[in-house]
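Protein chains in written order, with numbering that gives the first Met the number 0: chain A, 0 to 306; chain B, 0 to 306.
Please note that the accuracy of each hint is not assured.
To be verified - Which chain A residues stay away from chain B? Per the calculated CB distances, all over 10 angstroms, these:
1) GLN132
2) SER227
3) GLY261
What the hints assert, rightly or not - Looking from chain B toward chain A, a few residues come up when the C-beta cut is under 10 angstroms (computed):
4) SER104
5) GLU105
6) PRO106
7) ARG127
8) GLN132
9) SER135
10) LYS136
11) GLU137
12) SER207
13) SER227
14) ASN283
15) THR285
16) ALA286
17) LYS296
Said to hold, decoys possible - Under the rule of at most 30 angstroms between Cα atoms (straight-line distance), these lysine-lysine pairs were calculated in the DSS-like manner:
18) LYS136/A <-> LYS179/A
19) LYS9/B <-> LYS160/A
20) LYS86/A <-> LYS296/B
21) LYS46/B <-> LYS154/A
22) LYS210/B <-> LYS295/A
23) LYS34/B <-> LYS68/A
24) LYS179/B <-> LYS1/A
25) LYS68/B <-> LYS179/B
26) LYS126/B <-> LYS133/A
27) LYS136/B <-> LYS34/A
28) LYS1/B <-> LYS179/B
29) LYS154/B <-> LYS68/A
30) LYS295/B <-> LYS86/A
31) LYS187/B <-> LYS210/A
32) LYS1/B <-> LYS295/A
33) LYS34/B <-> LYS230/B
34) LYS160/A <-> LYS136/B
35) LYS246/A <-> LYS210/B
36) LYS68/A <-> LYS210/B
37) LYS230/B <-> LYS88/A
38) LYS246/B <-> LYS277/B
39) LYS210/A <-> LYS68/B
40) LYS160/B <-> LYS136/A
Bear in mind the hints are in silico, worked out from the structure with no lab data behind them. Note that the coordinates shown come from a computational prediction; the quantities given were computed from them, not determined experimentally. Where is the CB? At the ideal position from N, CA and C, for every residue including glycine.
There are 2 protein chains.
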Amino acid sequence: MKEILVFGHKNPDTDSICSSLVQASIDNRTNMPAKAMRLGNINKETKFVLDYLGMQAPELLTNLEEGQKVIMVDHNEFGQSAEGIQKAKILEVIDHHRISNFETSEPLFYTTRPYGCTSTILYEEFKRRPSLQKISKEEAALMLSAIISDTLLFKSPTCTKYDIRVVEELANISGIKDFKTYGMDMLKAGTALDDLSEAELINLDAKSLEKNGLTYKIAQVNTVDIPSVMKRQTNIEKEMQAEIKNKGIDLFVFAITDIVNGNSEIIALGERTDIIEKTCNLVNHTAFLEGVVSRKKQLIPMIDNNM
Amino acid sequence: MKEILVFGHKNPDTDSICSSLVQASIDNRTNMPAKAMRLGNINKETKFVLDYLGMQAPELLTNLEEGQKVIMVDHNEFGQSAEGIQKAKILEVIDHHRISNFETSEPLFYTTRPYGCTSTILYEEFKRRPSLQKISKEEAALMLSAIISDTLLFKSPTCTKYDIRVVEELANISGIKDFKTYGMDMLKAGTALDDLSEAELINLDAKSLEKNGLTYKIAQVNTVDIPSVMKRQTNIEKEMQAEIKNKGIDLFVFAITDIVNGNSEIIALGERTDIIEKTCNLVNHTAFLEGVVSRKKQLIPMIDNNM
Chain A
0 MKEILVFGHK
10 NPDTDSICSS
20 LVQASIDNRT
30 NMPAKAMRLG
40 NINKETKFVL
50 DYLGMQAPEL
60 LTNLEEGQKV
70 IMVDHNEFGQ
80 SAEGIQKAKI
90 LEVIDHHRIS
100 NFETSEPLFY
110 TTRPYGCTST
120 ILYEEFKRRP
130 SLQKISKEEA
140 ALMLSAIISD
150 TLLFKSPTCT
160 KYDIRVVEEL
170 ANISGIKDFK
180 TYGMDMLKAG
190 TALDDLSEAE
200 LINLDAKSLE
210 KNGLTYKIAQ
220 VNTVDIPSVM
230 KRQTNIEKEM
240 QAEIKNKGID
250 LFVFAITDIV
260 NGNSEIIALG
270 ERTDIIEKTC
280 NLVNHTAFLE
290 GVVSRKKQLI
300 PMIDNNM
Chain B
0 MKEILVFGHK
10 NPDTDSICSS
20 LVQASIDNRT
30 NMPAKAMRLG
40 NINKETKFVL
50 DYLGMQAPEL
60 LTNLEEGQKV
70 IMVDHNEFGQ
80 SAEGIQKAKI
90 LEVIDHHRIS
100 NFETSEPLFY
110 TTRPYGCTST
120 ILYEEFKRRP
130 SLQKISKEEA
140 ALMLSAIISD
150 TLLFKSPTCT
160 KYDIRVVEEL
170 ANISGIKDFK
180 TYGMDMLKAG
190 TALDDLSEAE
200 LINLDAKSLE
210 KNGLTYKIAQ
220 VNTVDIPSVM
230 KRQTNIEKEM
240 QAEIKNKGID
250 LFVFAITDIV
260 NGNSEIIALG
270 ERTDIIEKTC
280 NLVNHTAFLE
290 GVVSRKKQLI
300 PMIDNNM
């Protein structure tokens, strides 16, 4: 029997990698041979987590064969998934995003919850299925890291009370008692942007979306120093414009998020920046968005509700 | 606070009605004021269940106001849902169908399982949330009826081992120990078709679907006597043709399902009957499909996989 492949979205973030590893681990416990995969390079924040645990990154997945059994975590939109996803057999989806551009011809297991992180749903699965053995230290550390990453250590408006409670419980199980220090170190590890090219910056954590015929892309980087990124605005815009042209993007938003203070500066380019200007003034293609840190809960609805 | 409205699909079947009632009951227990609604007339099978329990049918829902909080059960496709669903706030979906033509701008609770019936998922919820009190006799009878209806007393290929186990447990809780006799009486109550007009017949349990630009409709009636329905073929076809013309349907399949022997006779009309002919020969617009009883697991894939 061929293994089930478990993977998160393209441009994988810490949740996509950690939740794939934990979900594969859950499946293997229940006699469903499964293997975590990744759809792109590991970012520095995730590398921090894997190094801390002495773990290898999952293998790179480039293309799915027809009929391959898969489990999608942390995403549902086909545009964010593996090449060949339309011809794969999707057994299960575990996700915490809106549902869009997803369809199957047969029923499946599909679990979405409006929590801050996919790993919070996996934790709930552990609690609800007494047939699973106890959560291992490693699984707990992976889930804890994913939740701290997705919620920006509870600063994001996507963070729920349940996410916080789960992190507190996972801190005990994993032995990472001082999860705040660990979490801030992990987030800071992801903000080392200086040695990345502008092309890499705008694709480090980027999502391409489609709605009502509009193609838009929202890229996001975390930092502790917005001005040091904005110094590179001219070159960043050059790369953004090149992608807009090459990929036919109508609106490209690049968000530079200050993880300490919880704000974002955005650069918006493309034919349809008018959508952004319904909410804020763009000056020299930029705007400072106080209290905005979440792509899912703040930036995407800002576009979806104004198109 | 305005109540949350809970409803199943248009042309409601027993699962849509019973699962709405049980889900509303679950929500009310957990301090979320909720009310079951229906999107159309109650069929005779469902009437049998409500009469048995001495219960009223839910109120008819004709149109949703913008921002109304809703829970969708037993369906997800907007085309099968209430008028105004696009502008409603969908809090939760509990369903056992494929996912198609569904999207939201924000994350939500979404639970789909490949079980035979929505009520099987609700039963699992009861088991998994110890905070819910015990299942009442009435709730058990509603769920049992829904599962027997959707699985045609376990004859449908959509029926899983888990559905059967759940019915056996619900039989104990509900006090309907002889659930097989009860179930066959219920199914037979739904097969009294003689006093229905042909227009009513083809809309008694009908689903309109869309895929790849194709608009198709699959209607189904249960019977213990296929020939008595086929006697009316000429008039049934007249009504089908009228709908094809009025609603721009590319393919209309009307299935007459023998619930005792587990077969179906179909009548297929429209511009795209070639899709059906990839699987079977149509003679005088009809074909006998041995062992075919499930729209979801057999008829819909027969179309989807051949378009």
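Here is how each hint holds up against the structure:
No Cβ of chain B approaches the Cβ of GLN132/A within 10 angstroms, the least distance being about 18 angstroms, so the stated non-interface status holds. Every CB of chain B is more than 10 angstroms from the CB of SER227/A (nearest about 32 angstroms), matching its label as outside the interface. Every beta carbon of chain B lies more than 10 angstroms from that of GLY261/A, the smallest distance being close to 20 angstroms; the non-interface claim holds. Among the interface hints, the one on SER104/B holds; its C-beta lies about 4 angstroms from the nearest C-beta in chain A, closer than the 10 angstroms criterion.
Look at GLU105/B: its Cβ gets to within about 5 angstroms of chain A, closer than 10 angstroms, so that hint holds up. This hint holds: PRO106/B has a C-beta 4 angstroms from the nearest C-beta of chain A, less than the 10 angstroms allowed. Here the hint on ARG127/B is kept, as its CB sits about 5 angstroms from the closest CB of chain A, short of 10 angstroms. For GLN132/B, the shortest C-beta to C-beta distance to chain A is roughly 18 angstroms, which exceeds 10 angstroms, and the interface hint is violated.
Look at SER135/B: its Cβ only gets to about 22 angstroms from chain A, farther than 10 angstroms, so that hint breaks. Below 10 angstroms, beta-carbon pairs count as interface contacts, and LYS136/B has none with chain A, the closest being about 25 angstroms; its hint is therefore violated. A cut of 10 angstroms between beta carbons decides the hint on GLU137/B: the least distance to chain A is about 25 angstroms, and the hint is violated. The restraint placing SER207/B at the interface with chain A is violated, with a minimum CB-CB distance near 16 angstroms, outside the 10 angstroms limit.
Taken as an interface hint, SER227/B does not check out: its beta carbon lies about 33 angstroms from the nearest beta carbon of chain A, beyond 10 angstroms. Hint status for ASN283/B relative to chain A: violated, with the closest Cβ pair at about 29 angstroms, above 10 angstroms. Look at THR285/B: its Cβ only gets to about 25 angstroms from chain A, farther than 10 angstroms, so that hint breaks. Taking 10 angstroms as the C-beta contact cut-off toward chain A, the hint placing ALA286/B at the interface is violated, the least distance being around 21 angstroms.
With a least beta-carbon distance of about 8 angstroms to chain A, the hint placing LYS296/B at the interface is held under the 10 angstroms criterion. Pair hint LYS136/A plus LYS179/A holds up; C-alpha atoms about 18 angstroms apart against a cutoff of 30 angstroms. Taking the CA atoms of LYS9/B and LYS160/A, the gap is about 37 angstroms. The hint is violated against a cut of 30 angstroms. At roughly 18 angstroms between alpha-carbon atoms, LYS86/A and LYS296/B fall within 30 angstroms of each other, so this suggested pair holds.
Annotation: proposed proximity of LYS46/B to LYS154/A is violated, straight-line Cα distance about 52 angstroms (limit 30 angstroms). Using a Cα cut-off of 30 angstroms, the hinted pair LYS210/B and LYS295/A holds, with the two alpha carbons roughly 28 angstroms apart. For the suggested pair LYS34/B and LYS68/A, the alpha carbons sit about 39 angstroms apart, so the restraint of at most 30 angstroms is broken. For the given pair, LYS179/B sits about 40 angstroms from LYS1/A by alpha-carbon distance, which is inconsistent with the 30 angstroms threshold.
A distance of roughly 38 angstroms separates the Cα atoms of LYS68/B and LYS179/B; the hinted pair therefore is violated under the 30 angstroms criterion. The hinted pair formed by LYS126/B and LYS133/A meets the criterion: a straight-line CA distance of about 20 angstroms does not exceed 30 angstroms. This hinted pair does not check out: LYS136/B and LYS34/A have alpha carbons roughly 44 angstroms apart, beyond 30 angstroms. Of the pairs offered as hints, the one joining LYS1/B and LYS179/B is violated, with about 40 angstroms between alpha carbons and a cut-off of 30 angstroms exceeded.
Restraint check for LYS154/B and LYS68/A: the C-alpha separation of about 27 angstroms stays at or below 30 angstroms, so the hint holds. For a cut-off of 30 angstroms, the pair hint linking LYS295/B to LYS86/A stands: about 19 angstroms separates their Cα positions. For the proposed pair LYS187/B and LYS210/A, the alpha carbon gap of about 46 angstroms is over 30 angstroms, so the pair is violated. A hinted pair counts as satisfied when its Cα atoms are at most 30 angstroms apart, and LYS1/B with LYS295/A qualifies at roughly 27 angstroms.
Under the criterion of a C-alpha separation no larger than 30 angstroms, the hint pairing LYS34/B with LYS230/B is inconsistent with the structure, at around 42 angstroms. For the hint pairing LYS160/A with LYS136/B, the CA-to-CA distance comes to about 35 angstroms; that exceeds 30 angstroms, so the pair is violated. With a C-alpha separation of about 26 angstroms, the suggested pair LYS246/A and LYS210/B falls inside the 30 angstroms cut-off, and the hint holds. As the CA atoms of LYS68/A and LYS210/B are separated by approximately 23 angstroms, the hinted pair is consistent with the 30 angstroms bound.
Distance check on the hinted pair: LYS230/B and LYS88/A sit about 42 angstroms apart at the alpha-carbon level, beyond 30 angstroms; violated. The hinted pair formed by LYS246/B and LYS277/B meets the criterion: a straight-line CA distance of about 25 angstroms does not exceed 30 angstroms. Taken as a hint, the LYS210/A and LYS68/B pair is honoured in the structure, with Cα atoms around 23 angstroms apart against an allowance of 30 angstroms. In summary, the hint linking LYS160/B to LYS136/A is not supported, as the alpha carbons are separated by about 35 angstroms, beyond the 30 angstroms threshold.
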